[in-house]
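Knowing the structure of chain A, use the given hints to seat chain B on it.
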Amino acid sequence: MSEKDKLPAAEPDPALEWAKLWKAMAESSNRMVEAWSGSMAPFMLARLSEKPAGFGDGNELSAAIERMAQGPRLADVWDIDRKMALAFGAWIEMRQRLASYNAVAAAPWAEASKRFLETMSAIGTGETPAPDWREAFAKWSEISNEELIRNQRTDGFLRAQKELLQAGLQLRSRQDDIAEAASAMFGLPTRKDFDDVTRQLTELRREVRALSRQARGQKIEGAL
Amino acid sequence: MSDQENQASRFARDMAANAEKMFKATQLIANTRDEDVNIGTTPKHLVMRRDKVELFHYEPMAEATATTPVLLAYGLIGRYTMADLQPDRSLVRSLLSKGLDLWLIDWGQPGRAERWLTIDDYVDDYIDAAVDRICRETGYDRINLLGICEGGVFTTCYAALHPEKVKNLVLTITPIDFHADTKGTAAHHGFLNIWTRSLDPEDIDKLVDTYGVLPGEFMSSVFSMMTPMRSLTKYNVDLIDVVMQSVGSWGYCKQRVPSPRWSGA
Chain A
1 MSEKDKLPAA
11 EPDPALEWAK
21 LWKAMAESSN
31 RMVEAWSGSM
41 APFMLARLSE
51 KPAGFGDGNE
61 LSAAIERMAQ
71 GPRLADVWDI
81 DRKMALAFGA
91 WIEMRQRLAS
101 YNAVAAAPWA
111 EASKRFLETM
121 SAIGTGETPA
131 PDWREAFAKW
141 SEISNEELIR
151 NQRTDGFLRA
161 QKELLQAGLQ
171 LRSRQDDIAE
181 AASAMFGLPT
191 RKDFDDVTRQ
201 LTELRREVRA
211 LSRQARGQKI
221 EGAL
Chain B
225 MSDQENQASR
235 FARDMAANAE
245 KMFKATQLIA
255 NTRDEDVNIG
265 TTPKHLVMRR
275 DKVELFHYEP
285 MAEATATTPV
295 LLAYGLIGRY
305 TMADLQPDRS
315 LVRSLLSKGL
325 DLWLIDWGQP
335 GRAERWLTID
345 DYVDDYIDAA
355 VDRICRETGY
365 DRINLLGICE
375 GGVFTTCYAA
385 LHPEKVKNLV
395 LTITPIDFHA
405 DTKGTAAHHG
415 FLNIWTRSLD
425 PEDIDKLVDT
435 YGVLPGEFMS
445 SVFSMMTPMR
455 SLTKYNVDLI
465 DVVMQSVGSW
475 GYCKQRVPSP
485 RWSGA
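Chains A and B are the protein sequences, given in the same order. Using the numbering used here, count along the first sequence one by one with no gaps and you end on 224. Using the numbering used here, count along the second sequence one by one with no gaps and you end on 489.
Just so you know, the hints here were simulated from the structure itself, not pulled from any lab data. Just so it is clear, CB atoms sit at the ideal spot from N, CA and C, and this is done for glycine as well. A hint or two may mislead.
As the list claims (entries may be wrong) - Derived DSBU-like pairs: lysine-lysine, alpha-carbon spacing no greater than 30 Å straight-line: (1) B:Lys-407 <-> A:Lys-162; (2) A:Lys-139 <-> B:Lys-248; (3) B:Lys-322 <-> B:Lys-389; (4) A:Lys-139 <-> B:Lys-458; (5) A:Lys-162 <-> B:Lys-430; (6) A:Lys-219 <-> B:Lys-276; (7) A:Lys-192 <-> B:Lys-276; (8) A:Lys-23 <-> A:Lys-192; (9) A:Lys-139 <-> B:Lys-245; (10) A:Lys-192 <-> A:Lys-20; (11) A:Lys-192 <-> B:Lys-430; (12) A:Lys-162 <-> B:Lys-458; (13) B:Lys-391 <-> B:Lys-276; (14) B:Lys-268 <-> B:Lys-389; (15) A:Lys-114 <-> B:Lys-458; (16) B:Lys-276 <-> B:Lys-389; (17) A:Lys-219 <-> B:Lys-391; (18) A:Lys-219 <-> B:Lys-389.
Claimed, not checked - Partial list, derived from the structure: chain A residues whose beta carbon lies under 8 Å from chain B: (19) Trp-133; (20) Phe-137; (21) Asn-145; (22) Lys-162; (23) Leu-169; (24) Thr-202.
Unchecked claim - The calculated label-pair distances, taken between Cβ atoms and stated as ranges, are: (25) B:Phe-447 <-> A:Glu-135: 24 to 30 Å; (26) A:Glu-135 <-> B:Glu-259: 37 to 43 Å; (27) A:Ala-63 <-> B:Asp-258: 46 to 52 Å; (28) B:Asp-424 <-> A:Ala-179: 25 to 31 Å; (29) B:Thr-291 <-> A:Glu-180: 52 to 58 Å; (30) A:Arg-159 <-> B:Ala-254: 39 to 45 Å; (31) B:Ile-428 <-> A:Phe-186: 29 to 35 Å; (32) A:Trp-18 <-> B:Phe-247: 55 to 61 Å; (33) A:Ala-179 <-> B:Ala-286: 52 to 58 Å; (34) B:Ala-240 <-> A:Glu-180: 57 to 63 Å; (35) A:Ser-183 <-> B:Asn-255: 41 to 47 Å; (36) A:Leu-117 <-> B:Thr-409: 27 to 33 Å; (37) B:Glu-259 <-> A:Trp-22: 45 to 51 Å.
Isolated chain A, as found in the complex:
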C-alpha cells in the first residue's frame, strides 16, 4: 500500500460544493430563459401584429409561466429556478400593466393638442395679435394641466395605475424571494431576519417606555 493510500480521504469542501450547485442552477436557469425566449419570441411577435396594444390587454403569457413554475414540486429541488421563473413571469406581467398604463396616460395629450390648436386658431384670426411663444406656452400648459387632471380622476386611469402598482410590487416581491433564497443558501441573514429583529426591538422599546411611564406615575402618586 502506498503512503498516499494510507492517508484519510479529504473532507469535501462545503463551500466548493455549494458553489458547484449554484453554478449548475444558474446554468440551468439560463438554459430555461433561453428556451423561453426562443419559443416565445414568435408568439409574442404574432400577438403584437394581431393587436396594436400588444400585451396591454392580456396576461396569458405570465399566467402560463406561473402555472409552469407552480407545477409539481419535488421538495426544494430546483427551488431557485422556480423562483426565477416566477420573477420572470412577474416581470412580463409588469410590462403588460405598464403598456396599459402608458396607453391610458397618453390619452389626455391628444385631447390637449386638439384644444390647443383650436384655441390658437381662434386667437390668431382677426385683429387680435398672435401671442408670443411664452403666452402660447402658458396657454398650452393651462390646457394640458386641465386635461391631465381630468384624466387622472377617471376610473380607467386609477385602475391602470393600481394594476401597475400591484404588478410592480409582485415583481419586487418575487425578486426578494430570490435574494432571500440566495442569502439562506450561503448562511447570510435575510431581510426577513432583519424585519424580525427590528419588530422585536420596536416592541421591546414600547414595553420599556410603558414601564418607565408607569414607574414615573407611581413615583408622582407616592410623592403626593
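Only chain B this time, still in chain A's reference frame:
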C-alpha cells in the same frame, strides 16, 4: 410687412432674447454647488434624541414677547428645512424675530427599521416625550403646538388625547377631512384622497411589506401628479423666470435655486 412676416420676426426676436436667458440659467445651475445652497441654518441646539427623532431648541433672535414655548412639528414627508429654507425665506426666523420661544421635532429619515412604528408611536411617544421635556426645561405645564402638513395631523391627535398639556394648537396646510373631495370641491382638489381610495388596503400593506416604508420617489411621483404641468416645467422653462427675477445678482440668484435635495419633492 405682412402678418406672417411680423409673426416670424417677433418669434425670432423672442427666441433670441430667451435663448440668452436660458444660457444664463444653464450657466447659473452649472456654477451652483451644494455648498452654495445653505438651508436650515438658523442656530439651534440638540436637547433630546429618541431613536431617530431629535428635539431642538432654537436660539432666541429677539426679546421675548410670548414666553409659552412653541413646538413645531412637520410631517414625515419632507424635512424640517421646509420651515427654514434660507434667511429671507424662513418661517422659523420669522417666528423667532417675533420673540417666540421655538422648539422643533426632527423626525430624521425613517428607513426599513422604522417599518413597525405606528401613528401611536409618533403621537403618544415621540411628541409626548418632547412635550414633557420642554415642560421640564421651561417650567411650563402646557405648551403651544404648531403643526405643519402631516405634523398637523399628529399634533391634532396629540391635542385631542392630552388637552391638559396643550395651550394652543396652530395648524397650517394640514389635511383633516380626507373625504372633502366627495363634497363637490374644485377639480384640482383632493387628488391624494382619490388616489389613495382607489387602492385596496392590501395594496398599502404589500407596499409597506415590500419596501418597509413608502419610498420617497414614489411619494414624490404621486405628489407631482397634483400639479402635473407645474411638475413638468418648474425645473426647466420656469428657470427663465428665475433668471429674470435675479436682476443681475449672482448671489441672490444662487439663493433662488432650489437645492438638489428638494428636487422632485
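Status of the hints after comparison with the structure:
no.	hint	result
1	B:Lys-407 <-> A:Lys-162	holds (24 Å)
2	A:Lys-139 <-> B:Lys-248	holds (25 Å)
3	B:Lys-322 <-> B:Lys-389	holds (23 Å)
4	A:Lys-139 <-> B:Lys-458	holds (16 Å)
5	A:Lys-162 <-> B:Lys-430	holds (12 Å)
6	A:Lys-219 <-> B:Lys-276	holds (28 Å)
7	A:Lys-192 <-> B:Lys-276	holds (22 Å)
8	A:Lys-23 <-> A:Lys-192	holds (25 Å)
9	A:Lys-139 <-> B:Lys-245	holds (21 Å)
10	A:Lys-192 <-> A:Lys-20	holds (26 Å)
11	A:Lys-192 <-> B:Lys-430	holds (14 Å)
12	A:Lys-162 <-> B:Lys-458	holds (27 Å)
13	B:Lys-391 <-> B:Lys-276	holds (27 Å)
14	B:Lys-268 <-> B:Lys-389	holds (24 Å)
15	A:Lys-114 <-> B:Lys-458	holds (24 Å)
16	B:Lys-276 <-> B:Lys-389	holds (24 Å)
17	A:Lys-219 <-> B:Lys-391	holds (26 Å)
18	A:Lys-219 <-> B:Lys-389	holds (20 Å)
19	Trp-133	holds (5 Å)
20	Phe-137	holds (7 Å)
21	Asn-145	holds (4 Å)
22	Lys-162	holds (6 Å)
23	Leu-169	holds (5 Å)
24	Thr-202	holds (4 Å)
25	B:Phe-447 <-> A:Glu-135: 24 to 30 Å	holds (28 Å)
26	A:Glu-135 <-> B:Glu-259: 37 to 43 Å	holds (38 Å)
27	A:Ala-63 <-> B:Asp-258: 46 to 52 Å	holds (48 Å)
28	B:Asp-424 <-> A:Ala-179: 25 to 31 Å	holds (26 Å)
29	B:Thr-291 <-> A:Glu-180: 52 to 58 Å	holds (56 Å)
30	A:Arg-159 <-> B:Ala-254: 39 to 45 Å	holds (43 Å)
31	B:Ile-428 <-> A:Phe-186: 29 to 35 Å	holds (33 Å)
32	A:Trp-18 <-> B:Phe-247: 55 to 61 Å	holds (59 Å)
33	A:Ala-179 <-> B:Ala-286: 52 to 58 Å	holds (55 Å)
34	B:Ala-240 <-> A:Glu-180: 57 to 63 Å	holds (60 Å)
35	A:Ser-183 <-> B:Asn-255: 41 to 47 Å	holds (46 Å)
36	A:Leu-117 <-> B:Thr-409: 27 to 33 Å	holds (31 Å)
37	B:Glu-259 <-> A:Trp-22: 45 to 51 Å	holds (46 Å)
Going down the numbered hints, you'll see the structure goes against none, and every one checks out.
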